[in-house]
Amino acid sequence: MSVGRIATRYAKSLLDLSIDQNQLEDAVADIQGMKATMASKELINFFKSPVIKSDKKLAVYNAAFGGKFKSIADKFFQLVIKKGREDVLPEICDEFLHQYKEHKGISAITIVSASKMSAEAEAKVKARLLESNETYSNIDLEFEIDESLIGGFKIKMGDKLYDASVAHKLEQLRKEFSN
Amino acid sequence: MVGVSPEEISAIIKEQLSGFKTEAELEEVGSVLQVGDGIARVYGLSKARAGELVEFENGVNAIVLNLEEDNVGVVLMGPSDGIKEGSTVRRTGKIASIQVGEEIVGRVVNTLGQPIDGKGAIGGDLYDMPLERKAPGVIYRQPVTEPLQTGIKAIDAMIPIGRGQRELIIGDRQTGKTAIAIDTIINQKEFYDRGEPVFCIYVASGQKSSTVAQVAKVLEDNGAMDYTVIVSASASDPAPLQFYAPFAGAAIGEYFRDTGRPALIVYDDLSKQAVAYREVSLLLKRPPGREAYPGDVFYLHSRLLERAAKVIDNDAIAQTMNDLPDSLKNSGKVRGGGSLTALPIIETQAADVSAYIPTNVISITDGQIFLESNLFNSGIRPAINVGISVSRVGGSAQIKSMKKVSGTLKLDQAQYRELEAFSKFGSDLDAATLSTLEKGKRNVEILKQPQYSPLSVENQVAIIYLGTNGYLKDVPVNKVKAFEEEFLTALGQKHPEVLSSFKAGKLEKENLELVKTLALNIAKSYSA
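The listed protein sequences derive, respectively, from chains V and E.
Each residue of the first sequence is one higher than the one before, counting from 4 in our numbering.
Each residue of the second sequence is one higher than the one before, counting from 482 in our numbering.
Hint data in this document are derived by calculation from the structure and do not stem from the laboratory.
Backbone N, C-alpha and C fix where the C-beta goes; we use that ideal spot for every residue, glycine too.
Treat the hints with care, as some may be off.
[To be verified] Covered stretches of chain V, going by a simulated chain E footprint (3 or more residues, C-beta under 8 Å): (1) 7-16; (2) 165-173.
[To be verified] To give a feel for the contact side, a few chain E residues facing chain V, derived at Cβ under 8 Å: (3) Leu507; (4) Glu508; (5) Val510; (6) Gly511; (7) Ser527; (8) Ala531; (9) Glu536; (10) Gly540; (11) Asp551; (12) Gly618.
This is chain E alone, in the form it adopts within the complex (with noise of 0.2 Å):
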């Protein structure tokens, strides 16, 4: 150990006095008449205001949630244990934020924002983000036009999501639901790589603390917690902290946001954060609604889900946003043109959606992404229902080429089904009927794909080219797979220029050219 001069320590020491107020000062104080559950009834804080933060004698803080007649309704952040009947709590006259800087990137915080990931202190500039904060107003916002990429053919192709849109992953236990987010994170790696990062943000909300490590792990592994954040309040820590861990996610994607970058943010679950919800509203002794949940969880969800937001790209009048918290605006740092994308998570039980959260959440959202189990069980991985799959955003979140070459795919995997249930009863089919279903079977290998292995947009482009257009014809269903594969790479190795350009948004008769030819070249190894 290196040796410390008794100097020095009394240098520190009076360091940290130096800020410390020996002054009293008036404060404004109640006391508990009952506390369990992880919430409290504050007899007094007779000025306390709605959504303030509250203090307990040991350092818990609590947020005010019921202004009532005769006491006040408080839930705890932090464990009950310290607080007795008759505590003395104080008002601190802020509303509750979290601290939130660069240095959060590749952290693992609770909804408090504190770390726990045992990686110490978050270090560099803080900023006090609050919770619970305004959507940005309608002159503050601009049309969503540029795609998020997410890296799996089916939702890029079909359901294009675009940067500021709130896009629900729906369906039932065990769909792929966690996984679909998981690649989306993984495949904003190309972006950080070519230094124009997508920070992404995973809230876990009322998951198993194993899920979350697994999570973590993975996001590791494939090098994506770099420009990630994970929020956890998992299953065991009180229902306030999972009810609020969105909305500290939330805070840490407007930071993002209204510094002009682009985020991303996954909710997971909500309805898991609505029972957590519930449960402290029917504590704090709120009327329960329709499936015991209060009148205010559509409010809850749509509050949330507001927040994600395309902002203006004029930094003059982000500039004058509504309700930018004081620390950030004062610091400068406000620009324009940032972006916070949702995907929240929602799971169903046995495919009800009809069930109360599933509609509210399907309501809020610009479109759904539904996962079904039987997809899942008969090898169609992602499980995505295309047919009652939408995004309301649609084309103008899909760069030009794609939106050229998957403009078909949806009509014609819809005609594949309708014809698929129909060749069930009889082998004479036309021609024309056979090559629809024959080409639908190969779309629908191609629109397969493993976990973890999110495909960039130019490849994507390449082999759905392909698909609607019929080339595959020669190669069999069960080795659409290996073909995939070869073909990508051998497109990448002879004509990396071609990938360029539809990168980039064209697609060139010749280069379409070049790319039927490798393919029929290849195909022809396959046939026989």
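Isolated chain V, as found in the complex (with noise of 0.2 Å):
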């Protein structure tokens, strides 16, 4: 089955069971909390492996993090070992927080501008917005930075993205001649 599916079903399963047993906040808490965990590659690699058995990677898990996560987030991440699907982890992780983002009416959204934004043109950007029909009325800002736009922004939300950067533009031009 593909990693997509899989991480969309755990994850699905993880945020009905939360919101059941009202542990929500606490959930999410817990898999930001991992997800941070596993931004170091070590413990993805060890995850990953094929070689090292189940029973082991349990073992490692409850020793790392016994104890550390409040909600039911500590037995889903222990199912997830058990049955296997320890290597699609990070992609659960992403999957659950997009999901309750969905579920909570939040609108992810990132910016990315060629340099950093000045913190008026951040509220200037984020109050245009919310003022457009394309978001939720919550949203989660995130902001990047990339040179290679060489000048404007993007904004990227879901699958729909406004392009006013300098490197597009160009590119326009250049297919515009081309024809």
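From these two lone chains plus the hints, build me the complex, please.
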């Protein structure tokens, strides 16, 4: 089965169960904690290794995280390892956070700009986004810097893209001339 | 070089830029999960529709073929070099189409409609013709009645093809399938010269590039490129381009059909096109069926061949035709009475017509021309097996004179073949059997025809008249060819009025008498 589909199913069941048990916010915090830990390649490589047996992985998990997670997320991680799906754990975490935002009506938006935006500009962009009909009433902004844009910015929300970067305009100009 | 002033250049640049949008738009995008083998899987694009055109960052286009739960499968219409995991893919909201206009005639184009003959861009008014389009509905059609002259005696006499018909050409490798199609295209020169052109489209799908170049050369040398378009997706092109090439050809053909003109399209060949489709389908993880072809390979061919049609001879009704592309509809060029005749080609392996693709296409088309390698090797060329070749449109696609003259030919030849096998066992044969055999042998000689030398219909009528009536009985079998040549030259010189009356479909007694006397006179010099 494709990674995407596995991640979606595990994430959905965790979301549903944590809503039922009123532990949603705790679960989110735990998943974010797990995601932060997985920023180190070491843990991911360990989980993804096909050579290490799953009981060994479980032992390492318990040693490292035992008791640190308060919510049902702890049991969930153990289940994922027992079922041999720990290799898709990063995708499951991402998918869970995505589904959580969807559930809460929060739009996850990434703004990529060529240089760091001023606080004033950020506030302006945020206000404009809230005005538009494309987002939920809550938005979760993330900022990235990509110098290859040359100037201007790109706004990504889900599978929509608003590209007002200089690099994109130059590319369009090139196409116009090559026709 | 002619000097160009800086002012002119800046004027040109200004003009180019005048249509340039500086406003950014909200785009719907996805990102590439996986790319390779001419397909890509894309995450996102949640609103993309099947058959929609999407565009990659580097300008390569792709067509959406698979819509799955968590990704979209697209086939690339260009090289996959510049596409990486994570590349952005944009929706265009359009369906894949190619640009067709009057000036496409005489060109060699690829599946995307771009010229590949090095003669520059295609000029003139261009119309967007979609690759995938529904065939005309029942009320926009009319029965096939006009003949499409192939210039090949055996076909025009016994397996007549009508304008708007689909006639399959099927046979093993090296049996002259392409030759029949090329001869048919060359024969349309007569109509082009007369100002009633039948536009021809030759689609090469999965052929060698050298074969395509050779076909282009032959057509050029015979003056046939003036009314012909070649669509080429050779074996080295990506599989998606190969299986879409016939659709691109059909889109070009529809341009002529819907503007009220007759067109002929040759799909060379659909077995290789089906293989390309199978390749893409398997890469997209569609379940394989018989011979590993996907379940919809029948639909692939049936929807393509349904687009061949004879459009109703009424402009008002034709203008309301279903699925007319907007650019063509708004131009006011839509007329009735056009037609698109399709000659699909299928290559069989060891004469096995019961394989999957041959049986499918046989059942879709309105008849088939069977070519056999043993006939080809015994010198009967074109190597048409008359017994199992049929045309379901039949006599209504023949001019009256040809219908009358050739009426008994097919039966005669069937009888001849039966007796031929029988006669090998003994030499004591009665006079009636002997005369059938002798007549049959001469008819076989008459139906032989060299490549690239199509014969006009009035000449065909004259020579077949002699054959079916047994006026050649004094000419030795090995001299029939020479006799035919001399006879047709003499007839053209002495009695051109007879030929033009045959052409008009008339078969008058005194004309036939003239032909008979001339033939018997010439035959005397051959007998002995």
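Each hint, compared with the structure:
1. 7-16: holds (count 3)
2. 165-173: holds (count 5)
3. Leu507: Given a least distance of 5 Å, the restraint on E:Leu507 holds.
4. Glu508: holds (5 Å)
5. Val510: holds (4 Å)
6. Gly511: holds (6 Å)
7. Ser527: E:Ser527 check passes; min Cβ-Cβ to chain V is 5 Å, inside 8 Å.
8. Ala531: violated (17 Å)
9. Glu536: violated (10 Å)
10. Gly540: holds (7 Å)
11. Asp551: Since the shortest Cβ distance to chain V is 4 Å, the answer is holds.
12. Gly618: Violated: closest Cβ of chain V sits about 36 Å from E:Gly618, beyond 8 Å.
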